[in-house]
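Number of protein chains: 2
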Amino acid sequence: MIENILAVPKSSWTSGKGPNHHIVLSSRIRLARNLDKYPMNAFQSEDNGQTVLEKIEKAVVELELIEQECLGIYHMDELTSRQKQILFEKHLISREHMDEKPNKALLLRRDEAVSIMVNEEDHLRIQVLLPGLQLDKAWDEADRIDDMLESRLQYAFHEEKGYLTCCPTNVGTGLRASVMIHLPALVATKQASNIFKTLGQLGLVVRGLYGEGTEATGYLFQISNQITLGRKEAEIIQNLTAVTKQIIEKEEEIRRIVYNETPLQIKDRVNRAYGILKNAVILSSQEAFNLLSEIRLGIDLKILDIGVNIEELNELMVASQPGFLQNKAGKTMEKLERDAARAELFNKML
Amino acid sequence: MIENILAVPKSSWTSGKGPNHHIVLSSRIRLARNLDKYPMNAFQSEDNGQTVLEKIEKAVVELELIEQECLGIYHMDELTSRQKQILFEKHLISREHMDEKPNKALLLRRDEAVSIMVNEEDHLRIQVLLPGLQLDKAWDEADRIDDMLESRLQYAFHEEKGYLTCCPTNVGTGLRASVMIHLPALVATKQASNIFKTLGQLGLVVRGLYGEGTEATGYLFQISNQITLGRKEAEIIQNLTAVTKQIIEKEEEIRRIVYNETPLQIKDRVNRAYGILKNAVILSSQEAFNLLSEIRLGIDLKILDIGVNIEELNELMVASQPGFLQNKAGKTMEKLERDAARAELFNKML
Numbered sequence: 032m033i034e035n036i037l038a039v040p041k042s043s044w045t046s047g048k049g050p051n052h053h054i055v056l057s058s059r060i061r062l063a064r065n066l067d068k069y070p071m072n073a074f075q076s077e078d079n080g081q082t083v084l085e086k087i088e089k090a091v092v093e094l095e096l097i098e099q100e101c102l103g104i105y106h107m108d109e110l111t112s113r114q115k116q117i118l119f120e121k122h123l124i125s126r127e128h129m130d131e132k133p134n135k136a137l138l139l140r141r142d143e144a145v146s147i148m149v150n151e152e153d154h155l156r157i158q159v160l161l162p163g164l165q166l167d168k169a170w171d172e173a174d175r176i177d178d179m180l181e182s183r184l185q186y187a188f189h190e191e192k193g194y195l196t197c198c199p200t201n202v203g204t205g206l207r208a209s210v211m212i213h214l215p216a217l218v219a220t221k222q223a224s225n226i227f228k229t230l231g232q233l234g235l236v237v238r239g240l241y242g243e244g245t246e247a248t249g250y251l252f253q254i255s256n257q258i259t260l261g262r263k264e265a266e267i268i269q270n271l272t273a274v275t276k277q278i279i280e281k282e283e284e285i286r287r288i289v290y291n292e293t294p295l296q297i298k299d300r301v302n303r304a305y306g307i308l309k310n311a312v313i314l315s316s317q318e319a320f321n322l323l324s325e326i327r328l329g330i331d332l333k334i335l336d337i338g339v340n341i342e343e344l345n346e347l348m349v350a351s352q353p354g355f356l357q358n359k360a361g362k363t364m365e366k367l368e369r370d371a372a373r374a375e376l377f378n379k380m381l
Numbered sequence: 032m033i034e035n036i037l038a039v040p041k042s043s044w045t046s047g048k049g050p051n052h053h054i055v056l057s058s059r060i061r062l063a064r065n066l067d068k069y070p071m072n073a074f075q076s077e078d079n080g081q082t083v084l085e086k087i088e089k090a091v092v093e094l095e096l097i098e099q100e101c102l103g104i105y106h107m108d109e110l111t112s113r114q115k116q117i118l119f120e121k122h123l124i125s126r127e128h129m130d131e132k133p134n135k136a137l138l139l140r141r142d143e144a145v146s147i148m149v150n151e152e153d154h155l156r157i158q159v160l161l162p163g164l165q166l167d168k169a170w171d172e173a174d175r176i177d178d179m180l181e182s183r184l185q186y187a188f189h190e191e192k193g194y195l196t197c198c199p200t201n202v203g204t205g206l207r208a209s210v211m212i213h214l215p216a217l218v219a220t221k222q223a224s225n226i227f228k229t230l231g232q233l234g235l236v237v238r239g240l241y242g243e244g245t246e247a248t249g250y251l252f253q254i255s256n257q258i259t260l261g262r263k264e265a266e267i268i269q270n271l272t273a274v275t276k277q278i279i280e281k282e283e284e285i286r287r288i289v290y291n292e293t294p295l296q297i298k299d300r301v302n303r304a305y306g307i308l309k310n311a312v313i314l315s316s317q318e319a320f321n322l323l324s325e326i327r328l329g330i331d332l333k334i335l336d337i338g339v340n341i342e343e344l345n346e347l348m349v350a351s352q353p354g355f356l357q358n359k360a361g362k363t364m365e366k367l368e369r370d371a372a373r374a375e376l377f378n379k380m381l
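Protein sequences, first through last, are from chains P and B.
If you read the first sequence in my numbering, its first letter stands for residue 32, the second for the next number, and so on.
If you read the second sequence in my numbering, its first letter stands for residue 32, the second for the next number, and so on.
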């Protein structure tokens with residue numbers, strides 16, 4: 032079953048169907064949880080890690096989540112590096128979860144909207160990832176799954192502080208809400224950095240496409256809450272949703288203005304991006320991301336008619352990444368070889 | 032008849048049929064001549080200019096060149112700026128000949144291989160422009176026409192110095208031989224500038240596409256003799272031909288090496304150029320030239336199969352220039368409008 036997941040670049044979030052999907056690619060809720068009476072992962076021995084994994088697996092079996100929720104259990108040490116790479120490229124696991132440490136596992140729902148990392152930084156990281164802007168729906172789902180697991184597992188919880196986590200920034204609700212947002216107009220008009228500064232003052236943080244420590248790629252940003260302590264879950268989600276809506280409005284406004292004032296220039300940007308993706312022989316991952324961003328803008332502005340929709344664009348974004356490319360080719364490839372395979376993919380698919 | 036010349040971007044030199052046309056676009060011979068007993072143009076009054084023009088026209092009529100050589104006579108002051116611009120873009124007149132000064136004329140053979148400027152810097156500038164590397168053939172033709180004119184016109188000639196010309200650099204043979212050469216591999220590998228330095232030591236000079244004072248555009252260079260005094264015509268032509276053949280060999284060698292060592296990178300350059308020309312919405316003249324250069328390289332290396340041959344490429348080079356674009360549109364256009372019209376032309380023609 033893991034082969035099916037790895038073979039297709041589709042995921043729940045790639046469907047391009049959620050609200051405001053023209054600007055918000057996906058909404059993510061992540062809950063950090065730890066089992067009571069077991070040391071945090073940073074300090075635990077291998078034996079402890081195994082016990083934690085076993086307890087969690089036992090809960091999953093008892094709750095019949097495999098049948099009821101179509102959940103698959105994958106032990107990370109049974110996966111190849113390339114398989115883990117693909118799960119990362121699909122945003123189903125974190126970069127840390129790719130590390131060669133024992134007792135890591137992934138519980139993945141068949142639609143890939145729910146993925147639970149076991150023994151990442153925390154014992155449990157419950158993630159719900161949906162297309163478009165629907166943090167509340169993602170929260171409802173994460174909360175439901177969390178409640179189920181909590182019915183069988185004793186979480187580390189402090190009456191005043193809330194859920195205890197490995198990293199202090201996650202203590203409290205253990206909740207991180209984030210949106211993946213596409214802001215080509217705000218970037219092009221150099222307004223993004225000012226907006227991002229304001230977000231910092233609101234307790235929000237802006238990161239690149241693959242979370243902490245990564246650069247933003249192709250006008251795509253991840254906005255998430257910084258603080259989890261001393262706030263209610265609903266408050267965090269409402270706050271991020273409201274801010275995201277404001278950013279969407281601003282981005283839409285600037286897109287209209289820029290397009291009305293310099294329609295030829297915008298069409299030129301978009302068409303060139305298409306021309307390069309369609310014809311290049313070597314394409315780095317970074318350049319492909321940037322060009323795909325232009326295509327995304329062109330499709331939204333309805334100035335590029337190439338018979339490609341947002342869903343296919345999202346899938347291309349996933350399919351053009353190193354792990355996917357190598358998996359499809361069935362071999363390890365050097366950078367130049369990957370860049371050539373990536374170019375071939377775009378030549379063919381666009 | 033001038034309308035026919037202005038309407039089509041074809042010229043004798045654009046046919047892409049001469050020897051070594053894969054690297055040498057065209058060969059040009061130009062003879063500077065002045066009528067004896069009339070002041071040089073730089074010093075002459077308007078009346079003198081008129082007499083010079085009349086004497087030359089009389090010679091043309093008496094020699095029956097209009098009938099025998101299919102020569103057309105065009106008075107520059109009867110042409111619009113745009114018409115003159117197009118003649119310049121086709122390399123049939125110099126930039127100076129576009130100036131609004133009286134008594135300038137152009138004698139142009141129907142195949143556009145022979146063009147004679149009257150009252151440019153000198154009273155007569157006889158130009159023969161052929162495709163590929165065939166300076167000797169161009170010289171034979173220029174010499175033949177020069178002899179005919181000389182049979183009716185008394186040239187200013189000094190027994191020791193040779194033909195007298197307005198600018199001292201032209202005194203002697205009055206001959207300038209030049210080739211238009213395409214050197215993408217030598218430029219890309221940064222060997223062109225060294226070669227150009229050596230050319231200077233050999234009494235040759237390298238200029239841009241449109242002669243004196245212009246920048247080289249799109250890896251296209253004009254190489255010509257600097258010295259006209261104290262050398263025989265045959266010597267000048269043999270010298271330039273021999274040097275050009277060496278440069279061709281070098282360029283061919285480097286193309287092979289670069290292509291063998293980095294085939295993907297070369298294909299990438301060429302294909303991207305095609306992708307941009309085919310899809311851009313705004314294209315400056317400079318960028319279009321550079322991209323056409325890549326296409327030219329791709330066609331020569333047989334790595335780009337877009338059903339376009341060198342002749343069509345040469346025509347596109349002419350057709351995409353400001354005068355031509357505006358003539359086709361039937362109106363004066365601002366830069367952005369021209370850049371958009373140019374992009375449209377390439378989108379359609381490639």
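Some hints could be false.
Pulled a few chain B residues facing chain P out of the computed Cβ check, cut under 10 Å [what the hints assert, rightly or not]:
#, residue
1, I288
2, N291
3, P294
4, D299
5, V301
6, R303
List of simulated lysine-lysine pairs, DSBU-like, C-alpha gap at most 30 Å [to be verified]:
#, chain 1, residue 1, chain 2, residue 2
7, B, K48, B, K309
8, P, K68, P, K221
9, B, K366, P, K366
10, B, K41, B, K379
11, P, K366, B, K192
12, P, K276, P, K263
13, B, K48, P, K333
14, P, K41, P, K263
15, B, K359, B, K309
16, B, K263, P, K379
17, B, K48, B, K221
18, P, K362, P, K48
19, P, K333, B, K309
20, B, K333, B, K221
21, P, K366, B, K309
22, P, K379, P, K132
23, B, K366, P, K333
24, B, K221, B, K263
25, B, K41, B, K228
26, B, K89, P, K379
27, P, K276, P, K132
28, B, K333, P, K221
29, B, K276, B, K359
30, P, K379, B, K276
31, B, K192, B, K221
32, P, K281, P, K362
Hint data in this document are derived by calculation from the structure and do not stem from the laboratory.
We treat Cβ as the ideally placed atom computed from N, Cα and C, and that holds for glycine.
- Message: Are any of the numbered hints broken by this structure? If so, which, sorted upward?
- Response: Hint check: 1, 2, 8, 9, 11, 13, 14, 16, 18, 22, 24, 25, 26, 27, 28, 29, 30, 31 and 32 fail, others pass.
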